[in-house]
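Sequence positions in the sequence shown follow my numbering and run 237 to 451.
No lab work stands behind these hints, which were simulated from the structure alone.
Fair warning: there could be bad hints in the mix.
Said to hold, decoys possible - Under the rule of at most 30 Å between Cα atoms (straight-line distance), these lysine-lysine pairs were calculated in the DSS-like manner:
| hint | residue 1 | residue 2 |
| --- | --- | --- |
| 1 | Lys319 | Lys277 |
| 2 | Lys259 | Lys370 |
| 3 | Lys379 | Lys277 |
| 4 | Lys379 | Lys259 |
| 5 | Lys322 | Lys277 |
| 6 | Lys277 | Lys259 |
| 7 | Lys319 | Lys370 |
| 8 | Lys259 | Lys322 |
| 9 | Lys370 | Lys322 |
| 10 | Lys259 | Lys319 |
| 11 | Lys379 | Lys322 |
| 12 | Lys277 | Lys370 |
| 13 | Lys319 | Lys379 |
None of these values were measured; they are calculated from a predicted model.
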Amino acid sequence: MSIISIRDVQVGNPIARWSDPFKFTVTFECISHLPEDLEWKLIYVGSSSSVNFDQELDSCLVGPVPVGVNSFTFEADPPSVDKIPKEEILGVTVLLLTASYRDQEFVRVGYYVHNEYDSDELRENPPENIAFDKLNRSILVEKPRVTRVAIDWGTETKGAVANGSQLPPVPAPATFEELNDVALQEKEEKKTEEKTSPKKEVNDGKENKSAEIQA
237 MSIISIRDVQ VGNPIARWSD PFKFTVTFEC ISHLPEDLEW KLIYVGSSSS VNFDQELDSC
297 LVGPVPVGVN SFTFEADPPS VDKIPKEEIL GVTVLLLTAS YRDQEFVRVG YYVHNEYDSD
357 ELRENPPENI AFDKLNRSIL VEKPRVTRVA IDWGTETKGA VANGSQLPPV PAPATFEELN
417 DVALQEKEEK KTEEKTSPKK EVNDGKENKS AEIQA
């Protein structure tokens with residue numbers, strides 16, 4: 237059995253401006269003492285054609301981890317625009333939340349992200365130079381794609397496969413094309429739902445980054 241099982245991941249600002257920080261609250265269960273910290277990273281996929289454009293937005297060490305259910309908050313700044321190909325800033329991409337122990341990644345949670353202008357006029361006639369102050373970011377939080385990997389937690393748990401997470405397991409990471417197709421489909425479904433429901437307000441507030449465990 238795995239030492240760590242993710243119970244829930246909440247995105248604090250699924251709809252925000254491009255310049256707003258990413259905010260996550262992660263809840264996980266630990267069933268045995270871990271002598272070393274867990275390392276969490278937030279990675280922005282900058283291009284569908286090459287991993288060279290992936291950006292590690294931030295990382296944090298969480299520990300010591302007490303036995304039981306724990307939670308912490310994690311914030312990260314938006315990606316650097318000069319590291320993303322201009323033609324891939326708008327549209328759909330992927331955001332990855334990963335966790336590792338002793339440099340072994342044991343889980344990653346992938347979210348589809350859609351970047352678009354905040355008005356129909358700009359969406360239909362985008363300017364030659366991207367107006368970042370007019371960009372909105374939408375994270376599709378309903379169906380995160382989870383990949384869990386067996387790691388060596390120690391001599392007594394070597395080869396154990398992660399079990400017990402309430403998030404659905406995925407046998408292997410999806411290709412960007414698969415993520416893109418699903419994201420576009422979900423975006424169209426979301427547009428249909430928004431026609432019959434009130435619009436969500438954009439959260440422009442910023443808070444200080446924290447990675448403090450809350451038992």
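Discussion item. Let me make sure I understand: some of the numbered hints might not hold for this structure. Which ones are they, in numerical order?
Written reply: none
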